[in-house]
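Visitor: Protein chains in written order, with this note's numbering: chain A, 1 to 87; chain B, 1 to 968; chain C, 1 to 177.
Keep in mind the hints are simulated off the structure, nothing from the lab.
Beta carbons: idealized from backbone N, C-alpha and C, even for Gly.
Hints should not be assumed to be uniformly reliable.
Stated by the list, open to error - Residues from chain A shown here face chain B by an in silico Cβ test under 7 Å; the list is partial:
(1) 1
(2) 41
(3) 62
(4) 64
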Amino acid sequence: MRITCPNCGERDRREFYYQGDALALTRPAPDAGPHAWDDYLHNRDNPAGDTRDLWFHEAGCGAWIVVSRNTVTHAIDDTHLAATVKR
Amino acid sequence: MRLQDPQNTVSFTFDGQRYRGVPGEPVAAALLAAGVRLVARSFKYHRPRGIMSAGSEEQNALVTVGRGPQADPNVRATVLEVSEGLEVFSQNAWPSLKHDAMAVNDLMSPFLGAGFYYKTFMWPKPFWEKLYEPVIRRAAGLGGLSGKANEDRYEKAFAFCDVLIIGAGPAGLMAALTAGRAGADVILADEDTAMGGRLLREVEDVDGQPGPDWAAETIAALSAMDNVRLMTRTTVTGAHDQGTYGALERIAGPRRAGKPLECFWRIVAKRSILCAGALERPIAFPNNDRPGIMMASAVRSYVNRWNVAPGKAMTIFGNNDDAHRTARDLVAAGVKVAALIDCRDDVQVDGDFPVYTGAQVVATKGRHALERITISHAGGTRDIRTDCLAMSGGWNPTVHLTCHMNGRPIWQADIASFVPTPGNVPGMVTAGACNGAFSTAACLKEGAEVAAEVATGLGLKPKVTVPAADDSAYRISPLWAVPGQGRKWIDFQNDVHVKDIKLAAQENFRSVEHMKRYTTQGMAPDQGKSSNVVALAVLADATGRGIPETGTTTFRPPFVPVAIAAMGAGSQGKGFAPERLTTSHRASVARGAPMIEAGLWYRPSYFPQQGETHWRQSCDREVRYVRNAVGVCDVSTLGKIDIQGPGAAALLDFVYTNTFSTLKVGRTRYGLMLREDGHVMDDGTTARLGEQHYVMTTTTAAAGQVMRHLEFTLQVLRPDLNARIMSVTEQWAQFAVAGPRSRDLLNSVLDDQIVDADWPFMACGAVDVAGVQGRLFRISFSGEHAYELAVPARYGDSLFRLLTAQAESYGGGAYGMEALNVLRIEKGFITHAEIHGRTTAFDIGMDRMISRKKDCIGQTAAARPGLIDDDREQLVGLKAVGAVKQLTAGAHLFAQDAAPERVNGQGYTTSVAYSPTLQTGLALGFLKRGSARHGEVVRMVDHLRQIEAMVEVCDPVFFDPEGGRARG
Amino acid sequence: MVKLLPRSPCTDLLPRTVGTITMSEVLLDRVMSVAPFAGQAKPTSAALKDQIGLGLSAPGRAVSNRRARVIWAGQRMWLVAADVSLDGLAAVTDQSDAWAILRIEGAGVEDVLARLVPIDLRASTFKGGHTARTMLGHMSVGITRVGAQAFEVMAMRSMAATLVHDLQVAAENVAAR
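This is chain A alone, in the form it adopts within the complex:
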């Protein structure tokens, strides 16, 4: 598996740390209530198809990356720096 790092170009999967769903980008307010926090912390879709998640180029440039990919075809559609991605 190869992921295109926006800084470094296409790199082997071994350089990356996998975090999970990109919903981490939208952290609820402290008073958002238990349901919002439950969804944020625990509830995840398990799509057969398109998904969007966060990877860390840990053994590379240190960028957090938003990766859009397909869990069925394994295709990676695009990648963006988390620091500048639209939220």
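Put chains B and C on the given structure of chain A with help from the hints.
Guide: Just chains B and C now, with coordinates in the frame of chain A:
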């Protein structure tokens, strides 16, 4: 029998017997040349087996190479190259290949069919574990490992290219030539020792010259191109995501100490062209497995390429025109052809040998090797004396790699086989025989045209020129299984025959995947390369379906067996993981300190002195150094993260539960970090060096995790915070100087004296150490008056030696991890033994450290009712009070009178130590409602070590609870 | 008066030669990490240009002159081999002692690195002045091409022995072919 006398030969042994062979030829060829026909015993029935193929698809001739720790089992004799002194052994036979005791299985075979084990070893139930399984396990398996560490070297490597071409037959060579000439960066990989594929085997002309000559000329042209890399002996084993391919290279040349045997490549290619050719399939006729019965194409390989005749009176049995060329080649080579048997009626064969059309082989004879066959034809049956029967049931395109990403091949009726579905592997296209194009001319043409398309796609301008070659049609009429008495083998490697598959269907294992598992057809190293399509056809017939509806099983990587040694090459011994060594490592080792692993780091356990016979003596002494005088300990392994910027304070307020924006410059504060789910992630001290400049300390264990977490916070959660972080762990060598004499010691090495008024507890700042700029922190992990002194790492070795020498002059010295652990347990300071991922701030009594005046990571979740429930297990101290003084970590806690069972569990111990200070065994642990139970006596039970002790619950701070020693 | 004696990360480990490959330690007296604050990349680059004659390099690039070197080192991060003062513009940390820097050179050096490094280091794609943060074996490293057959590898100081060990084994394997 050799058809030509070879120029130079070397000697090798098979089962101890000496033979001569030509260096580089397959052991199979050398054995056939020597008239050796019985080479192996089959997996299940221990049937005598010989050489069947001339390639990596070999099912029968699996041998062991070498002996002792270097023995390599299940090597195919058809790909193993002859070299001087090579030792080869047969497998699965005892006491000898000829007289194999387990051949009794073959007599029992009517009882041992598919599903035998499932049906037989059911009752009585307890027999399975005690009797059946051990006996079956002993009998099972092919080849064996020595159980000793193998010193042989293997390696791994990475390669990159525009176009990976898999297979260097006519299609692959043309593809490489076309793509290479267009300027593409090409890797051409072929598993054979030489490139050329079928051209090395067949008597055909290409471009007006013999095939092997054309191949050699083409390879020379390719070698001359800088942009083309040729990899022989390299099998592409798998197609993976985003154009990554695995490939196993058998490194050329004889074994030599220090030279790797194999290299496992990861090849990254923008595009790939599969030119893997096709594999000839057997025909299932009765007793078609005797040594001497082999594939027709293999016979041509041995005759035409290796100049070895595998028999003296040859017969050929086929269902397609391709088989006929075998007879022609044999006659041309001067080998007697006793009969050509074609199952089809309407074929015309010219040649000076007996031809039987509309005929089938219905029986074979010969105990250890083929002696005669019986054929049936229009005129009845006839016995023919023959020592080698070449069979051809047609060709299966080698589609495997196209299926590695979950794709399925499609059935093509005119060639009675499966061909690749286009687009199954992104970036991969197919050409030649693997695509169902079987003539040499078609292969050359497809190779060139497909490569031209690929090159065009890469923005290059290729030219296509295709040499003239044989374009005879491939005519076949399907023949899967011949009727008649006797077992008709399909999967030779797993001893599966036609009846097994019919039985599977009969017992309703009708899905191809179920049939595979019930019969084991297509399992093991072979993965059904030769047998798959025949088995599907038999299953289709038995279930009344067509072959396309029956479908194929899933082809998975690797295409050929890959030794774990190759996949994990370089990762044994020192290569297993990086070793992180501190600057004091040499000095510690020189003092005889046993080094223990802390993550990747190595840290001294203790520093033994003369006369000490037990680690506890050293540890107790080192604890007393710190409590009574001064100790020195390398703490450089703790993570140090430099944080700067206008948003630095806000970042710390957000990642720590407590507040750091209020910390004064020149001061240090303890901080607690939570995960977003409210559990404790890490703790440590953070010093404020400037208005916008902090240095955070993490635990050794969590340094990487905290760095990742801070980057996550800055890049994902709070990109609004204008702060930058950088690890400075490696920059600084940092030493704890702890104990009542610590200040005196420091004043003996610092350029300017320090006094308590300027350096109160938790102060920090710059100091000069023997002329070197350093940093000093007055922090304590021992509960004593203590400092941590940091200097640039180049001075670490020197400073450690200086500090320990000075400490010794004050009646102290160096201390290691054991003493450090005792000191912190006496003080109730936590480590990751306590903050193990399931504990909350509430559990460790630090819930008041979660500031409510600001948001921080984990704050909301930490307030969930379940995480602040009084019934939770809370951190406590435990002191041994009964007769048993030994406490153990990981033991469970129970009420005094409760049975020590899971349901009565009330908590557990996490850290234990003998305290030389308090002269008692101490433990930290978690106990239900623990903070309200101080004074209570509970029972500690270590079920694993069978230790039981009574312990008194107390505050986790055992020593100096007021903290006067650290502050004073 | 006592004096602290410096010791380089690869003392006792380098130099060494395996076949055509030589490995030696590179000693840089000053190495600073420079991480420009938000919106300060351009002013930081300009200030560097003033002070050392080199601005911030592009991602994946290293630049040098007689006085100094600037090596891109990751997201918003550069290593500058010189003393610089960038108050208010960038976070600067002293990294002079944090790295083991190894120069590896000789015929076949790309083959040796291909045993350990999962990126394409061939001259056609990884040219002079190119630098990458990647892995060498299990270690996180920075690799810069410094010549037609020469690279510099920067690894954590504490991993110097493993760095040398892994390269030694790879070089032996290549030499044994």
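Visitor: Which numbered hints are broken by the structure, listed smallest first?
Guide: Hint check: nothing fails, all pass.
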